[in-house]
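10 protein chains.
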Amino acid sequence: MVETEYIPESFNSIVQLLNEKYKDWEGVKQFGDTPRRLAELYNEFCWSPEKINKALDKHTRLFDDEYDEALSTSEIDVKTLCPHHLLPCTFKVRIKYSPNERVLGLSKFVRIAVILGKRPIMQEAYTRELADVLYERVEPHSVEVTVKGTHGCVQYRGALQNIEIETKVTRGYCSEEPLMVI
Amino acid sequence: MVETEYIPESFNSIVQLLNEKYKDWEGVKQFGDTPRRLAELYNEFCWSPEKINKALDKHTRLFDDEYDEALSTSEIDVKTLCPHHLLPCTFKVRIKYSPNERVLGLSKFVRIAVILGKRPIMQEAYTRELADVLYERVEPHSVEVTVKGTHGCVQYRGALQNIEIETKVTRGYCSEEPLMVI
Amino acid sequence: MVETEYIPESFNSIVQLLNEKYKDWEGVKQFGDTPRRLAELYNEFCWSPEKINKALDKHTRLFDDEYDEALSTSEIDVKTLCPHHLLPCTFKVRIKYSPNERVLGLSKFVRIAVILGKRPIMQEAYTRELADVLYERVEPHSVEVTVKGTHGCVQYRGALQNIEIETKVTRGYCSEEPLMVI
Amino acid sequence: MVETEYIPESFNSIVQLLNEKYKDWEGVKQFGDTPRRLAELYNEFCWSPEKINKALDKHTRLFDDEYDEALSTSEIDVKTLCPHHLLPCTFKVRIKYSPNERVLGLSKFVRIAVILGKRPIMQEAYTRELADVLYERVEPHSVEVTVKGTHGCVQYRGALQNIEIETKVTRGYCSEEPLMVI
Amino acid sequence: MVETEYIPESFNSIVQLLNEKYKDWEGVKQFGDTPRRLAELYNEFCWSPEKINKALDKHTRLFDDEYDEALSTSEIDVKTLCPHHLLPCTFKVRIKYSPNERVLGLSKFVRIAVILGKRPIMQEAYTRELADVLYERVEPHSVEVTVKGTHGCVQYRGALQNIEIETKVTRGYCSEEPLMVI
Amino acid sequence: MVETEYIPESFNSIVQLLNEKYKDWEGVKQFGDTPRRLAELYNEFCWSPEKINKALDKHTRLFDDEYDEALSTSEIDVKTLCPHHLLPCTFKVRIKYSPNERVLGLSKFVRIAVILGKRPIMQEAYTRELADVLYERVEPHSVEVTVKGTHGCVQYRGALQNIEIETKVTRGYCSEEPLMVI
Amino acid sequence: MVETEYIPESFNSIVQLLNEKYKDWEGVKQFGDTPRRLAELYNEFCWSPEKINKALDKHTRLFDDEYDEALSTSEIDVKTLCPHHLLPCTFKVRIKYSPNERVLGLSKFVRIAVILGKRPIMQEAYTRELADVLYERVEPHSVEVTVKGTHGCVQYRGALQNIEIETKVTRGYCSEEPLMVI
Amino acid sequence: MVETEYIPESFNSIVQLLNEKYKDWEGVKQFGDTPRRLAELYNEFCWSPEKINKALDKHTRLFDDEYDEALSTSEIDVKTLCPHHLLPCTFKVRIKYSPNERVLGLSKFVRIAVILGKRPIMQEAYTRELADVLYERVEPHSVEVTVKGTHGCVQYRGALQNIEIETKVTRGYCSEEPLMVI
Amino acid sequence: MVETEYIPESFNSIVQLLNEKYKDWEGVKQFGDTPRRLAELYNEFCWSPEKINKALDKHTRLFDDEYDEALSTSEIDVKTLCPHHLLPCTFKVRIKYSPNERVLGLSKFVRIAVILGKRPIMQEAYTRELADVLYERVEPHSVEVTVKGTHGCVQYRGALQNIEIETKVTRGYCSEEPLMVI
Amino acid sequence: MVETEYIPESFNSIVQLLNEKYKDWEGVKQFGDTPRRLAELYNEFCWSPEKINKALDKHTRLFDDEYDEALSTSEIDVKTLCPHHLLPCTFKVRIKYSPNERVLGLSKFVRIAVILGKRPIMQEAYTRELADVLYERVEPHSVEVTVKGTHGCVQYRGALQNIEIETKVTRGYCSEEPLMVI
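Residue numbers (the working numbering), protein chains in the order written: chain A, 1 to 182; chain B, 183 to 364; chain C, 365 to 546; chain D, 547 to 728; chain E, 729 to 910; chain F, 911 to 1092; chain G, 1093 to 1274; chain H, 1275 to 1456; chain I, 1457 to 1638; chain J, 1639 to 1820.
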């Protein structure tokens, strides 16, 4: 199956309006290649569900190892678009898991966290999906995903503050109750 | 209903006294526009209860989402006036909640925290009201509000130290007892 | 003259493509209000040249003062869109000037720096225009503008590094030669 | 001569408006003592020119000492009101001088810097006056005053950014030309 | 009752010995005003118990408020003399309490902590007294006082190290047992 | 010659006044040994000029070495009393010199800086004397002494700010003119 | 022309020796895919000169702009192999240039710095080539390249210290003399 | 038994390919000694299991001591190769143990941690083996090993992020259950 | 009893060997006074057990005080020699205790920690002895001693890493079990 | 020629005295191996001049390269003994040079700096010799050596302060005059 992709023409209408508004300003010449660049940008950050699944399949190969205590990553940098304004968001993702006879290659934590950001997605949903994908594919004793997100839509629209949001989802041991632990 | 607003004339008496005291000092010319500026300042920071309620209504729209673990914000910057000296206070507000099938848009945490500061209010009361507003309007499993405040009246009058005061209010799980946890 | 503004319909074509690509994914429901939000975003960051000029006129009122040595600001936060990808850029702007019998109100430095970012503009051009506007309207002995920019297009497309670019433009004393001073 | 002082009644009109606006809100009871507190506040920060001069006379006693190289202070904390909004400003003041056979007691640098802030005054004028007072009363070879100011009116009104403004004035050696040195 | 105060003559004997030892050194002229300055210093830091009690009475006014969760201060700067060497000590004091229907004005925490340092007092005793005063006068659910002290007598005499001592006293909930919690 | 020393009796009059003022307070028992401790303190910090000179003689032994470029120390910690209030001061001293065929043992820089603080002395005079002692006894090409002082009398009396004062004295090359270099 | 590439078989001899040495250790199973991974690694970091040139051609497109003062980047992260041990090196590269009527797209600085590291190359040569490429292709008034390198061969072999080496090369104004400026 | 070692010829095939690819580039001369250097590198980092065992035997001498509470090290720096790409990894290792009548010499913690890195080994396996070696040879009450690893293969291949992985293994008290403690 | 002391002659044999090895190097002249200096060094750091006991007796005087909650010190700097190489070690010692009706003078914590380092002693033994001395002489409810040591023998011999070792010993409450608490 | 080395017996006399002084203390058993360890220590840090020269010959191989601008290292860690007390010193060494057609391998800077510390040597002499060795063997345009030293003899004997001494020596351009530049 061929991935349907954005083409420059999809963005002509936006750029057309800019060209009109700035027709008397020398800066207008900078918009010449913008439709092509926008198409590339959206193709980079808006993968189809099928493409995401295939990429996940490729990067969840496991190694046998008897290691079964906690392993955690420092912050993984993930870039995505927010679904409300299509503005960039940055997620700093930490993963912690207790493997169960099979371990994930270390670079795969980065791969999986990045792949799941290739759709416009809310931070709450992203956190939950990353925990679920790891829990179902790696079958560890437990997994915990923590995400600190900064959102273009909070910084650029309305609220105008550079705050960071933290979400955390746990699967496996200790995760049944929706308790608020501080 | 039309919001009653301060007008420049309300501040003439203050500026009059300054004009007298400094009538022989060249700096006196700086007070020319001060009544107008004071009126704008008070209109900005002294909203009527009705205006505050309307603004809250507008910014507490919820999204359905099955996310139900803890979500927390980093420090939100809120500016207000203290009721005793009408001097500026700054509140650094952190919110943590465990949603219950409905989540608040991320930028709304900032909006609500800012709106509740649009009255001269003591930090203890502000903290309690913010927790109550979130608990009643968002109906989460639990919510926790932490405020670190610096107060013009502590820095400029009497005590003269730049200390910071921290208050915290919890609603929902674990919040029944007035325990002091350190 | 009425400012021509973006309307939600201008962004329907983009959102249409997202709706198709993600029609089988529950996240698709998040795009419902996106056209309206995009219109608000572009209206916020794409002012017409006339609107920019009017805003500048309003915020360059001067005070007489015999102060004539250097005055400088710490970093002013300016948000803009890059003209190539329409992605957010952040400029941290410092201004230094030596006034000449007339001084600018302190908050106006922030105002002017923000207003000039209300167009999709390259950092080099922004720096030059800010220096020119200040030099022509305030008529100081000299003015220096330093900008540190981070660019969504460098972080999200191709180069993928979070680097910062620094530009500096001087007008008045010492600024005739294109020397590279390190 | 007796210093004319503010009395609580001068502030009744402001508090009256607050009482009306918030008459149905429990927070209204906090305004009971506000007129008295405002009077104390203005008496603290609005000294008459005569009172300022007397205080300067008291705190510029000099000691004979043959020390004649540069002496500088770290940042002195000065609090004042801005003349435009009567909002608090904080000046961090550094003084550097090269004495000429007579030196100032070390604690007097703090005293003088604080006294000159006891009027609503613009930062440019404050910097210039502090340099002039030291140059005329201490008669050093040279003196340099650097002020970093944060202004309530920039943070609370309009511009809404926490920027810092730096001014510097030199008297004596090297200070004839209005050069911009970076 | 009139507060008995130190007079310059009380310090003549000390300065007399310095004058003798340094009679041939030009620095001797610096001791001329020392008795007067010492008297002022001791009057500042050695209040009578009555004066301390009166000051406490003045600064423990309470406000009604239903806030009943924990409130804590950042470090309050308190200066005192140590009773063994009469050398300066600095206490950095943090207070945490859970009020019970009545709250203390925020600047009063600073006032009370400063007043209780107006006697030469050991850190252990100071910490205990501050906790007792707050517990008895404010009647909170509980109160905790933490003090980090640096002592001139440790830095200048014998031990010669700049160490900091931390003490902590709790009253109310959880404070019955002399447990060492680490 | 025997060094005249302070004896506990010299301090009885001060402690007598404390005993009276606090006779009804349990803390009064802490003053029992204070006269003895004060005598030790003054003997430690008030050396006679002869004792200082002897100590300098002992610690300025030189080694032959052809090293003739700049050598500098990091901050040396010196404790002294201020001559006005007999309160502790701390000097952080840096020394830089260009030796001339003879070098000073490295630990001697510390020794000499400490010895010269064994009198109640103003910072300006201390800085000048340290530079002079090094210039005359070590005969280097040049020497520079920088002192950053914190003064009990600024922190505890009147000014009440923890500022730091920096002084610098140069002898030899480049030191003829009383220029203020910033 | 097709780029000649490494194939897994080229690395069989190395892995063969590891298999022999560790044949009795369970860790030996980890080497199964190592030849393939080594081939990919070398293809990634050992581009042919032709491939490098083509990539440079693609990424040195210029824009017309009258900006002609200094523009500088923060540190660009470049990874390469050292030619002596084929161990990884990391270069932190800063570029500063003064353009001459034509400016380089901001992301291109990153691109060019990365491309020139796609060969095993010494830091001195890399620095010089990057300066030359920019000077010849962008034709600025001047260009300066600063590189801070950490070298696997210094950290892992012999010297065993994590030191950083800094090199700097300038082209254009001020660059004729091989002066050592500190 | 003589340790089998790598010889330069084992690396000729790799260098041969570099020589061909870069035969027209002046940098090619840098590869002349590379085979010899690679042989030394692999001999340094690929010890046979026998050599590792002998080294462990030499460095696990114990001293009698009745100390039996926790002793921990700060981060020990260990360098190794990853088994998948033979790229350098750095492990920062912390060891904590509660000895049982016999203690290990302090420098031996470093020795043992370094020796166990002298094979291409995955971080999970390294952590487990270090804990096992200490538990079996030193026979403490308990031992805990924490490793923070950075991996050349994550930074240079594919994932391209400088993340750090943390693993922890405990032996003795409290270590039976594969719980995830956060 | 007179303390037996080292004399310079005890160190002649060592210096003799240095003199031979470096007889043709101009640096040899630096060893002239080394035997005397070594004797002083060993006398400073190798006190007899009797001298240590006497010093402890002098510095464990107690004051009555009803303070009975935890008191802790920041890091006390203790210098000692290691018994294996006679190289310097530095211990950073923190003490925490809960007194029982009698408190130790604050400077005595420093004194006691320093005195117990006046022998070549292993860190484990030092930590245990300090806890025992405090527990037996001060009779508190409980005492905890934490030591962070850096060891010349780890930094200079063999292991060659600047790691820090932490030991902790508790006496009194909670200290019966050799548990490993992390 | 065979290097004359220290043997354990050379240190028997020192350890004998320790054994006598501590014969009744259980810690005495720790001195059993001390003579052997001391011999190893001195062999490690007291190389003969011949051995030093040979090592320098081996590590000053040069590569041809046309790089001729400044190259500098970050701090190299060098350990040595001071000639007066035979106590450890640590030198943090930075080297900067402008090569002249031939460059030194990067790891050789570390090697040479370490080798020159393999004798008990004063910091002034070490700095001068390192500059001379580099200037004579590498023949650069210029070389600058900066050393920051901490000295056991300053920290452990007499002065008892942890100060750092900085020395700097330049050879080649600009180095003729013994000027003190600050």
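Among the hints, erroneous ones may be present.
Said to hold, decoys possible - Pairs of lysine-lysine, DSS-like flavour, derived with a Cα cap of 30 Å:
1) J:Lys1696 - J:Lys1667
2) F:Lys933 - F:Lys964
3) A:Lys58 - G:Lys1240
4) J:Lys1717 - G:Lys1240
5) C:Lys443 - C:Lys387
6) G:Lys1171 - A:Lys118
7) E:Lys757 - E:Lys786
8) C:Lys456 - A:Lys79
9) E:Lys876 - F:Lys933
10) B:Lys261 - B:Lys274
11) F:Lys968 - F:Lys933
12) G:Lys1121 - C:Lys532
13) B:Lys233 - A:Lys92
14) F:Lys964 - E:Lys782
15) A:Lys118 - C:Lys415
16) H:Lys1303 - H:Lys1366
17) E:Lys807 - E:Lys751
18) I:Lys1548 - J:Lys1667
19) G:Lys1260 - G:Lys1210
20) B:Lys205 - D:Lys597
21) J:Lys1786 - H:Lys1332
22) I:Lys1624 - I:Lys1485
23) E:Lys820 - I:Lys1535
24) E:Lys876 - D:Lys604
25) C:Lys415 - C:Lys512
Stated by the list, open to error - With the C-beta cut set under 8 Å, the calculated list includes, among others, these residues of chain E facing chain B:
26) Asn771
27) Trp775
28) Ser776
29) Ile780
30) Leu790
31) Asp793
32) Leu799
33) Thr801
34) Val861
35) Glu864
36) Val866
37) Glu867
No lab work stands behind these hints, which were simulated from the structure alone.
A virtual CB, placed ideally from N, CA and C, is assigned to each residue, including glycine.
Hints, verified against the model:
no.	hint	result
1	J:Lys1696 - J:Lys1667	violated, 43 Å
2	F:Lys933 - F:Lys964	violated, 45 Å
3	A:Lys58 - G:Lys1240	violated, 37 Å
4	J:Lys1717 - G:Lys1240	holds, 25 Å
5	C:Lys443 - C:Lys387	violated, 33 Å
6	G:Lys1171 - A:Lys118	holds, 26 Å
7	E:Lys757 - E:Lys786	violated, 43 Å
8	C:Lys456 - A:Lys79	holds, 22 Å
9	E:Lys876 - F:Lys933	holds, 28 Å
10	B:Lys261 - B:Lys274	holds, 9 Å
11	F:Lys968 - F:Lys933	violated, 48 Å
12	G:Lys1121 - C:Lys532	violated, 57 Å
13	B:Lys233 - A:Lys92	violated, 38 Å
14	F:Lys964 - E:Lys782	violated, 54 Å
15	A:Lys118 - C:Lys415	violated, 37 Å
16	H:Lys1303 - H:Lys1366	violated, 36 Å
17	E:Lys807 - E:Lys751	violated, 33 Å
18	I:Lys1548 - J:Lys1667	holds, 25 Å
19	G:Lys1260 - G:Lys1210	holds, 20 Å
20	B:Lys205 - D:Lys597	holds, 15 Å
21	J:Lys1786 - H:Lys1332	violated, 37 Å
22	I:Lys1624 - I:Lys1485	violated, 45 Å
23	E:Lys820 - I:Lys1535	holds, 29 Å
24	E:Lys876 - D:Lys604	violated, 37 Å
25	C:Lys415 - C:Lys512	holds, 26 Å
26	Asn771	violated, 20 Å
27	Trp775	violated, 17 Å
28	Ser776	violated, 22 Å
29	Ile780	violated, 17 Å
30	Leu790	violated, 12 Å
31	Asp793	holds, 5 Å
32	Leu799	holds, 5 Å
33	Thr801	holds, 5 Å
34	Val861	violated, 17 Å
35	Glu864	violated, 17 Å
36	Val866	violated, 13 Å
37	Glu867	violated, 13 Å
Comparing the model with each numbered hint stated earlier shows that hints 1, 2, 3, 5, 7, 11, 12, 13, 14, 15, 16, 17, 21, 22, 24, 26, 27, 28, 29, 30, 34, 35, 36 and 37 do not hold.
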